[in-house]
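Number of protein chains: 4
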Amino acid sequence: MIALERAVRFEEVDAAGIVFFGRYLGYAHEAMERFFDDLDGGYVALINDRGIGFPAVHVEVDYRAPLRFGDSVRIETCCARLGNRSAVLSYRFVRARDGVVAAEVRHTVVTTHLASLASCDMPADVRAAFARHPLG
Amino acid sequence: MIALERAVRFEEVDAAGIVFFGRYLGYAHEAMERFFDDLDGGYVALINDRGIGFPAVHVEVDYRAPLRFGDSVRIETCCARLGNRSAVLSYRFVRARDGVVAAEVRHTVVTTHLASLASCDMPADVRAAFARHPLG
Amino acid sequence: MIALERAVRFEEVDAAGIVFFGRYLGYAHEAMERFFDDLDGGYVALINDRGIGFPAVHVEVDYRAPLRFGDSVRIETCCARLGNRSAVLSYRFVRARDGVVAAEVRHTVVTTHLASLASCDMPADVRAAFARHPLG
Amino acid sequence: MIALERAVRFEEVDAAGIVFFGRYLGYAHEAMERFFDDLDGGYVALINDRGIGFPAVHVEVDYRAPLRFGDSVRIETCCARLGNRSAVLSYRFVRARDGVVAAEVRHTVVTTHLASLASCDMPADVRAAFARHPLG
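Residue numbers (the working numbering), protein chains in the order written: chain H, 1034 to 1169; chain L, 1034 to 1169; chain D, 1034 to 1169; chain R, 1034 to 1169.
Examples of chain L residues toward chain H, derived with CB under 7 Å: (1) G1059; (2) V1090; (3) Y1096.
Read the hints as simulated data drawn from the structure, not as lab findings.
Predicted, not measured: the structure shown is a model, and the values here were computed from it.
Ideal Cβ placement from N, Cα and C applies to all residues, glycine included.
Please construct the entire structure, taking both the sequences and the accompanying hints into account.
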């Protein structure tokens, strides 16, 4: 499991005063980038130098407790399933002040050549990065 | 079914050049607001005057084809399930230039007093608004 | 003058309950895109087909009155100055419910080849589009 | 001077492939929050517990060099002017990979009771925080 903790930012709440439901996917993406920190050059080199990315094909989110400005959230990321070209990332959002699970996200991605948006086999180092942090 | 068509905005793409996967939920929220246009005062009055909103408890998205800057997307919104306090909204994202389904979203919301974030019974006019546009 | 009216969206406010100050530039960009509607293919064709854009080199914003969820804002766009490669767009943000000026933006842009990010001469049709809507 | 370094995020670029010009103000706001880290409870307590904030009344941005996904930016924040109720924050955006100044922002804020949005005198500890980091 790889963890990222980050504060809710001033502009991330909505008119109901809680973090907008769509922003959880932005948070998940940040956590995914962190997940690849031990790849050579990290997620940035994968995108910018190798032209490989992970567009989402499916996402599920369970929202369990709200996040507000002033909260900090710890996002715990694992690989829940690993296929030939696809993987499922699992994110647990834990509210820092009380340990309450604010949300859970399952994020199915497909290894993709960004220039063509065609799927491709997962490079060995990427597969190894996913495999190092299995769920449960 | 209630439809909203809107252009992809310049700032809505990501470093892969396609609409960021989290933005689809912002688009869905826009479509939900439109869905309530025939309520008195619309979604705005519900939030601002009556203090009632629809926080998400669950979301599922299937991403089927990318959207880019220059695309316009038609979002078709229906009510897929109607409970006592909850409802499931179903959104079909149709890319305007070719009719391809870019994404499908299922969005489970719970009727909520925004001041307390406690769930509440669905007001009759809100229930009627959901019921007027059942899924297929 | 070219006008765009748009509602404040649910996710555009901040933890103070007013539209986040950075979003005014997103609104201004929307108004700039509308400003070019009478170009062949509009702003989208300029970016996507001709590879020409208008990165900002300078921006000034005066914030005069807050915008909240439920407000709608009318953005009136003019060309305040026209150079060989640069132009200054002027935006007046008028709050729809009471006609109060919420903000004024001055936005200096430079005609740019997007592939190289090098400045370039302004094409004649672009210059004509700017010139059609002078300030004052 | 107080510095914040942060990476450009995947979703912060626009259809021209560079950080959207409006996002610089979000970056500046992050840097302003960091600026108040040595207040008791930081910026969050100021907003959430004391109900005091700093809405912008004026902003000027000079954009000097683009930022892209993969870049990291160091934002150096100072207080350029200190009035009774207002202050001018000055931010220098330095691109981490080459030390190039990507942007400079001047941000005039007014001390404000958030409940009423009326301006108010600057509390002594806030004044001291501004005064500790003068420009130049």
